[in-house]
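Engineer: With chain A held as given, fit chain B onto it using these hints.
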Amino acid sequence: MATVTTAPRMEMIPAQRQELWGWPAVVNFVLGGLGAGWYVVAVLAAGFERSPGVTAASWAAPVLVLAGFAAVAGEAGRPLRGPRVLTRLRTSWMSRELLAGIAFVLLVAADLAFPLRLHRAQAMVAAVLLALAQGFMVRRARGVTAWDVPLVPVLFLLSALLSGSGAHLLVGALAGRAPIPAVIGGTLLLIVVSFVVWARYLAWTSEDAYRRAVAPLREGRSAVLIDGAGYGLPLLLGLLALAAPPVAGALTALAGALLVAGQAYAKARLIRAAGRLRPITLAIPLSRRRSS
Amino acid sequence: MTRWGMAIDVRRCVGCQTCTIACKQEHGLPADVAWRFVADCEVGEYPDVRRVFLPMQCMHCAEPPCVPVCPTGASRQRDDGIVWVHYDACVGCGYCAMACPYQARHLIHTAAGYFEQPTPSEAAQAHPERHGVMTKCTFCKERVDDGLAHGLRPGVDPDATPMCAVACIAGAIVFGDLDEVSSCVSRLAADPRAQVLMPECGTEPRVYYLAD
Chain A
-2 MATVTTAPRM EMIPAQRQEL WGWPAVVNFV LGGLGAGWYV VAVLAAGFER
48 SPGVTAASWA APVLVLAGFA AVAGEAGRPL RGPRVLTRLR TSWMSRELLA
98 GIAFVLLVAA DLAFPLRLHR AQAMVAAVLL ALAQGFMVRR ARGVTAWDVP
148 LVPVLFLLSA LLSGSGAHLL VGALAGRAPI PAVIGGTLLL IVVSFVVWAR
198 YLAWTSEDAY RRAVAPLREG RSAVLIDGAG YGLPLLLGLL ALAAPPVAGA
248 LTALAGALLV AGQAYAKARL IRAAGRLRPI TLAIPLSRRR SS
Chain B
34 MTRWGMAIDV RRCVGCQTCT IACKQEHGLP ADVAWRFVAD CEVGEYPDVR
84 RVFLPMQCMH CAEPPCVPVC PTGASRQRDD GIVWVHYDAC VGCGYCAMAC
134 PYQARHLIHT AAGYFEQPTP SEAAQAHPER HGVMTKCTFC KERVDDGLAH
184 GLRPGVDPDA TPMCAVACIA GAIVFGDLDE VSSCVSRLAA DPRAQVLMPE
234 CGTEPRVYYL AD
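Chains as they are written, first to last, in my numbering: chain A, -2 to 289; chain B, 34 to 245.
These are computed hints drawn from the structure, not numbers from a lab. A virtual CB, placed ideally from N, CA and C, is assigned to each residue, including glycine. One should not assume that every hint holds.
Some, not all, of what chain A presents toward chain B, calculated at C-beta under 8 Å [said to hold, decoys possible]:
no. : residue
1   : 14
2   : 15
3   : 48
4   : 52
5   : 53
6   : 74
7   : 78
8   : 84
9   : 85
10  : 138
11  : 139
12  : 141
13  : 274
14  : 279
If we strip away everything but chain A, and leave its shape as in the complex, we get:
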């Protein structure tokens, strides 16, 4: 005799890794965030004035952003239709990302041609919007368990600022400029805040599908490279740089390189390894066959 006992929600089709957004998408997210964050940090560090750091960021950041767009355009099935991407600004974060990126490049170019604090401020706003748009774009991908999380836009913004801080410190040290303690201090604060948000993201929910989806971000080599090399070691190096000014240049250069690499690796893992499509579930009652 068959007796229906339960009607649990069963996993009918397991989560599968998304294959549509590959390395070109990763390159776009990494370079876009890096370029945007670098410019913001450089302008803030200089107090909106012209400085060698701002000049370096002004030349490099638009190139990084455009390189990211070029990479992701190559992944599209019909890249020549790219300009159409600007037609749905009211609803699509991909449209908004492209608009913010174009605005950022144009405003930085305007500042290089006609240096004005206003241009720098506007370009900084565009850079922040670009980093946020990338985050919202990923967050609106409802089919991917690890991306459909409200914290993702904040995560992308902090990641952009962190990798941008890294680039700013690294290029400054390579150019022989003495690191400013306030900039190092700000970076250390950013590392701590970003790590707290990252940890909160990894533990966003205890749902089994989510835990499985983010497992590649918090276990094994990822934990060592993201948490250790991407957050912990730069924090330590930054503290050492504050304590030992004579070697601060070398320490901040290494910390900067680790910040850039750590955030790039984290984004790559988020898009590729943690990019798992939602498992398909259905409430199916199970039958228990009794012997009597």
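Structural biologist: Leaving out everything else, chain B in the frame of chain A:
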């Protein structure tokens, strides 16, 4: 107001994949693309185990997450609820596929045939406009529209009904107007056992599943 929908009786489905093949043939899909398929699922743990065949396709959601994310406006929803892709406007970015919780969208990279050279049938059914763009189940909107234009009733007359529902050997797939109270599909959708896939996503699918 017409609101097209579908009810799939999981208890009737035998997993024969006739609907899968009928869809591929109707739409001339390349070898590696299927707009619908029947998943062969084993659920539960011993001794409470069941084998379930789950036909999967676009859910033609009332709140489709794939439509607003589209950066070109190629993903669209008609007034009758059918979600479709305007191939000439699609850039092939894949964003809609990332937004779909039901894995129902398929980017056609290359129109691979079953053999080295296209067969005469494949050549006759080639759809170059679909290369590099997103594709998906359309509820056979051409059949529905043509049928209506000829005075037929979709869901009742086979010539006006999606091919999967017509081809199903077990009568497991029922199509029709959810707003027509007397239609078979609306009665099935109102059945207490009817459910939608992953209601927590808030997409309000218009494909209902009847399980025990």
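Engineer: Holds or violated: residue 53 (chain A) as interface residue toward chain B, Cβ cutoff 8 Å?
Structural biologist: violated, 32 Å
Engineer: Would the stated hint for residue 52 (chain A) survive a check requiring a Cβ distance to chain B of less than 8 Å?
Structural biologist: violated, 33 Å
Engineer: Can residue 48 (chain A) be said to touch chain B, with a Cβ gap under 8 Å?
Structural biologist: Because about 36 Å separates residue 48 (chain A) from the closest Cβ in chain B, which is outside the 8 Å limit, the hint is violated.
Engineer: So, as I understand it, the hint says residue 85 (chain A) touches chain B; can you test that by seeing if any CB pair is closer than 8 Å?
Structural biologist: holds, 5 Å
Engineer: Closer than 8 Å between Cβ atoms is the bar; does residue 138 (chain A) clear it against chain B? Give me holds or violated.
Structural biologist: holds, 4 Å
Engineer: Identify whether the interface hint at residue 84 (chain A) stands, where standing means a beta carbon of chain B within less than 8 Å of its own.
Structural biologist: holds, 6 Å
Engineer: Min Cβ distance, residue 141 (chain A) to chain B: is it shorter than 8 Å?
Structural biologist: holds, 6 Å
Engineer: Should the interface hint for residue 139 (chain A) be scored as holding, given a Cβ-Cβ cut-off of 8 Å against chain B?
Structural biologist: holds, 4 Å
Engineer: Hint check: is the beta carbon of residue 274 (chain A) less than 8 Å from a beta carbon of chain B?
Structural biologist: Given a least distance of 6 Å, the restraint on residue 274 (chain A) holds.
Engineer: Tell me if the interface restraint on residue 74 (chain A) is satisfied: Cβ within less than 8 Å of some Cβ in chain B.
Structural biologist: At 2 Å from the nearest chain B Cβ, residue 74 (chain A) passes the 8 Å test, so the hint holds.
Engineer: So, residue 15 (chain A) near chain B? Judge it on the closest CB pair being under 8 Å.
Structural biologist: At about 6 Å, which falls below the 8 Å cut-off, the nearest Cβ of chain B leaves the hint on residue 15 (chain A) intact, so it holds.
Engineer: Restraint: residue 14 (chain A) near chain B, CB-CB cut 8 Å. Satisfied or not?
Structural biologist: violated, 12 Å
Against the hints set out earlier in the document, violations occur for numbers 1, 3, 4, 5.
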